[in-house]
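Peer 1: Each chain, letter by letter, is given below.
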Amino acid sequence: MSSAVSVSSKETTWGGGNKPLRTSYGKAMMWFFLLSDGLSFSGFLAAYGFARFRFLDSWPKADEVFTHVPFLHGQELPMIYVAFMTFVLIMSSVTMVLAVDAGHQMKQSKVAFYMLLTILGGAVFVGSQAWEWGTFINGDYGAVKTKGGNILQFVDSHSHHRIALDDFAHKHHSDRIQHEETNGLWFYDEGALPIYSIEEVIEGMEASPNILIRTQILDETGEKTILSREESLNTLRANGKSIVTGANLIENEYGMPLFADFFFFITGFHGFHVFSGVVINIIIFFNVILGTYEKRGHYEMVEKVGLYWHFVDLVWVFVFTFFYLV
Amino acid sequence: MSHQVHNLELFRGLIKFKNITQKIWGVLILLSIVTLVEVALGIFKPKILLLYFLNMKILNWIFISLTIVKAYYITWDFMHMRDETKTLRRVVVWTFVFLVLYLIFILIQESGYIFDQGSDDYIKRDF
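Line by line, the protein sequences give chains A and B. So in my numbering, the last spot in the first sequence is 327, and the numbers never skip. So in my numbering, the last spot in the second sequence is 870, and the numbers never skip.
None of the hints are false.
As a list, the in silico DMTMM-like pairs of lysine to aspartate or glutamate whose alpha-carbon atoms are at most 20 Å apart:
#1 B:Lys790 <-> A:Asp220
#2 A:Lys148 <-> B:Asp869
#3 B:Lys800 <-> A:Asp64
#4 A:Lys305 <-> A:Glu295
#5 B:Lys790 <-> A:Asp64
#6 B:Lys790 <-> A:Glu221
#7 B:Lys788 <-> A:Glu77
#8 B:Lys788 <-> A:Asp64
#9 A:Lys62 <-> A:Asp141
#10 B:Lys800 <-> A:Asp58
#11 B:Lys867 <-> A:Asp220
#12 B:Lys788 <-> A:Glu221
#13 A:Lys20 <-> A:Glu301
#14 B:Lys788 <-> A:Glu224
#15 A:Lys20 <-> B:Glu827
#16 B:Lys790 <-> A:Glu224
#17 A:Lys28 <-> B:Asp826
#18 B:Lys790 <-> A:Glu65
#19 B:Lys800 <-> A:Glu65
#20 B:Lys867 <-> A:Glu232
#21 B:Lys867 <-> A:Asp58
#22 B:Lys829 <-> B:Glu752
#23 A:Lys62 <-> A:Glu133
#24 A:Lys242 <-> B:Asp869
#25 A:Lys20 <-> B:Asp826
#26 A:Lys305 <-> B:Glu827
Don't read these hints as lab results, they were simulated from the structure.
Extracted from the complex, chain A is given alone in its bound form (with noise of 0.2 Å):
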């Protein structure tokens, strides 16, 4: 960074090899890259935040979406897992920065080790987000979808925890077969059929006196509100239309299907970029190896995929709350 910018004289401003700003042309580029990359997650963000303003008085409960922790298997522990993951995000950062400081140094194999840890703890990342949208997707409880698109679910009238369709639905004999596209005139095939159909449910929720519906809209103490026994059967019985078991882009069992699209949307496009991260690293780490930038004299690469590192780190913050916290 010898080179300041210069007006002195004609020749040393427009020479080339000035560095305007005092940073290099890639580094330039990063920032200009990373700066853009920004606003689009920020608009994402921004959207998310539109949608729930907008539907403010039932928007679903993270805490209540995301209790699971791997190995832990039944017990409700919310925040336990994606604090995990925050970590390990952090610590990845840290190895990156030592790794960018190491190659200040000029010491190629601290580089590479310092870059495999964080390949690893990139890896352990976009995993842990896999396996946190698997839960997800498969669900826990299950719940009923209205007419209107709204989300029944069902609790105990005493504790007020929610209880699986398994637990109380009765399963018939039934002579409703899937559609195939070999054996009918329809157009196009059917999904698998729903475990229960709506009867089921209604029938197994009259069997069972300590069964309430919860409904999705949020009293005044942000409770979600629980009908009383005569009201859910008669909401059931009325606007009852089918069985939502999990979360995917159209229904979600924890309430509003909006609330499953932003977050498999944004923390599918970060999870891209972390998987990206982690591909671009383990080029550098190769070149690292290979002696690549002890040759060139300098390792200003590794700063560069570092600051794209870095910005992915900074994302998740960023995720972490306006999903998980707020």
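Given chain A's structure and the hints, the job is docking chain B onto it.
Peer 2: Just chain B, lined up with the frame of chain A:
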């Protein structure tokens, strides 16, 4: 690049580090503490913080502020913004802050309006 100069101070000189490696670990400890505070608040949700301030819970204002604190240290120390020229810092940060504030204002304002329309009996969703 070994001649690059690093600013080794945090909190305007309150904490000074001997070398860059020490500073990195210092920033890690800071970020971990902030994350732990966030997680603890997220799990226990103190009643007093659930009151509303400017149409949002105080707790949510705390979360968003702590997030910006974390974003500051990631950008300034991990991405070495602290060691770049003032102009580069301003070009990146001000552009971003200006555009994002505008975006948030427009979208949140609009969604509040649509929320009111939805609760004014023109649109029914309760079936």
